[in-house]
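Protein chains: 2
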Amino acid sequence: MRSDFASADDLAETMNGIGRRARAAGRKLALASAETKDVALRAIAERLRADRVVILRENARDVAAAKAAGQSQALIDRLTLDAGRLAAIADAVEKIGALADPVGRQVAAFERPNGLLIERIAVPLGVVGVIFESRPNVTADAGALCLKAGNAAILRAGSDSHRSAMAIAESMRAGLEATGLPADAIQIVPTKDRAAVGAMLAGLDGCIDVIVPRGGRGLVERVHAEARVPVFAHLDGICHVYVAAAADLDMARTILLNSKMRRTGVCGATETLLVDRACAGTHLAPLVAALLEAGCAVRGDAAVQAVDGRVTAATEADWRTEYLDAIISVRVVDGLEAAIEHIETYGSHHTDAIVTEDGDEAVRFLAEVDSAIVVHNASTQFADGGEFGFGAEIGIATGRMHARGPVGVEQLTTFKYRVHGSGQTRP
Amino acid sequence: MRSDFASADDLAETMNGIGRRARAAGRKLALASAETKDVALRAIAERLRADRVVILRENARDVAAAKAAGQSQALIDRLTLDAGRLAAIADAVEKIGALADPVGRQVAAFERPNGLLIERIAVPLGVVGVIFESRPNVTADAGALCLKAGNAAILRAGSDSHRSAMAIAESMRAGLEATGLPADAIQIVPTKDRAAVGAMLAGLDGCIDVIVPRGGRGLVERVHAEARVPVFAHLDGICHVYVAAAADLDMARTILLNSKMRRTGVCGATETLLVDRACAGTHLAPLVAALLEAGCAVRGDAAVQAVDGRVTAATEADWRTEYLDAIISVRVVDGLEAAIEHIETYGSHHTDAIVTEDGDEAVRFLAEVDSAIVVHNASTQFADGGEFGFGAEIGIATGRMHARGPVGVEQLTTFKYRVHGSGQTRP
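Here the protein sequences line up with chains A and B, keeping their order. Per the UniProt record's numbering, the very first residue in the first sequence carries number 1; after that it's consecutive. Per the UniProt record's numbering, the very first residue in the second sequence carries number 1; after that it's consecutive.
Don't read these hints as lab results, they were simulated from the structure. What you were told as hints is all true, and nothing was included just to trick you.
Each pair may be met inside one copy or between any two copies, as identical chains are not told apart.
EDC-like cross-link-like pairs, simulated, lysine to aspartate or glutamate; straight-line CA separation at most 20 Å:
#1 K28 with D370
#2 K95 with D38
#3 K28 with E341
#4 K28 with E344
#5 K28 with D38
#6 K192 with E133
#7 K67 with E133
#8 K28 with E368
#9 K28 with E337
#10 K95 with E35
#11 K28 with D360
#12 K95 with D384
#13 K95 with D141
#14 K192 with D10
#15 K192 with D9
None of the values given here were measured: they were computed from a predicted structure.
Next comes chain A alone, as it looks inside the complex (with noise of 0.2 Å):
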């Protein structure tokens, strides 16, 4: 792509300055009263419904654009916004705003021998990088998310939604005006260029705190490939649903249709079906064809195929692979360890569940597989920061530090020390 810029230092220099703008942004909102956020939150909202003529026209040139460059129906779908659309947009920032204020919660307090009281409170991380593609909700969810817990946000849309992200962006810097907070809060990043996402993956000379990839693999691995700061991402979500020998059969079927089938698109939807060898002869069979009637195509090992013509063989890279689509792989286990062992080799630390009535075996299962969530009987569909009650989430997270599992305004805080004295001193 042609870039905006005369040379590679007026980028810089222009990346550089919305970091500082943001970070001096961040310096203001950190310190913001819950009340004033909730206040801009919803200023944000009815900017948002007020200007629906101008996202929409913003909107529609890019679908133009999309269309004309031939992008696949996919894609100007995710990028298409209608007036139903945008009113849910402004009602998503208006629900974020009433969440409750995750800044400022006294995390953990404790009094020394010495009468020093030392307490440790959640505060905002700083400035957010977020790096999207199509979907335009993404700058009023994350940039809305950020604000409330007192983070500058520095968005970067897709270029087939640019036009989009500029006008929703607008929007929000006008309400963050109206309530007196600094409208640098929300940036968009103005430019194509392909080298502002390696100048944000850079940390804009400090001023980036962390990055939120959304988008396809593409993009988190480009991500996770050339960060020098934190992410917050999942690669993949190669969720499994063990079967275990006590599992109730109508349970087990219940569980795994939803797992799979409610959305197969979803990082949370279960890729892979694991069943003890120990209840083969009754629960296997059973699971398979209701899979198949459900839609969707089986591939499974020898002791799977046995069970139903239509299953196809699985190989190895079938347990590596999120399908996000109607397809599932099935494996018949020798147990409780050698789903654990099967997980742990071709899982990606998502989300993994088991169905059993045998309490001990489920607290195995939930101690020993190293994923962001364990679910024991209910489906892995679960795996959603609404779900769990955070209200919103900015992304999943399968990495270790941090922020693990769906990524809420609690998760976009870190905390400081504050020590109370009267004069201590060290000995």
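Following the hints, position chain B against chain A.
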């Protein structure tokens, strides 16, 4: 330095093997009970005492080599063990064993309207890479802290302390094995080749979850520049004491002298004194005199130079300098906002203190200074895991992610979500 390996591939294979063994050991350690870990730590302490002849002999070889290489007396002091120091190392390991187990804590729990019970449970981080320089005690301290938190440790000793570290690690591995835990939970990188550090900073193919550098500024700078995995560290400890107009002069003097002079070489030592212009007339001269009388060189702005002829001129560079010595920079500022602005401009987000009897001013300082530790009416030298009641620390972090301030065993854990259902599916 000459490489111990025939080729770069050999080094990579050796290092990746260490990583894989650490990951496997970490998985076992994560499931060890609190009691087993504590028995192991006691066994390690006993083994360190029993093996003192071997450890002191290997240390003597390190010391002799360092002397022959013309290393500084300061380095040789840090490197040298004797019976007393080794006994203290063993005692410290035993004390870490006596801490509360940080693993398995229920950090949060909530029941959803659909009956799902969701718990957030502390689990080990996984594998911790520790890169250190000449202090042999780091092997035991860091290894024991990682073990207590259920983490495997990969330790890379500086070339000066390599033999001492290997000997200490051997005793620790024997203690692990005697308890039935995997010896590979504590591994020393068996080469002085500097490329091994590079391999660790790259994360050993996904087998290191966090890096902790323990050493001088050069090491920490290299780690920050090259690490592809999260880092717990602080680069500088440019700590401030701000004496506000409402400060009690006696308290200010006592806190200042302790903050600066108790030990000048620690990261929590104060490097800059800020005095509110409103009390400079009464407070500045006695504070400067106290510093000078305590043997501290004072570099000041014009106002500070005016109160005592022994004060030399502070340059712009002084405000950015961590002296780690009996030197202090002193500046008169126009009140709280100017003090905060100075700290945000020149500080390192480590530890900063205000001395004042004005509660409102203290609240503002603690809220607005964006440092890991903010202190009211106490010494900055309390910035220490032991003083915070954490028992011990693996380091002090000034980054914003995951751990901030003293990094104790609790900060060496992350969390997972355990979801308990009774057949729930997502609508």
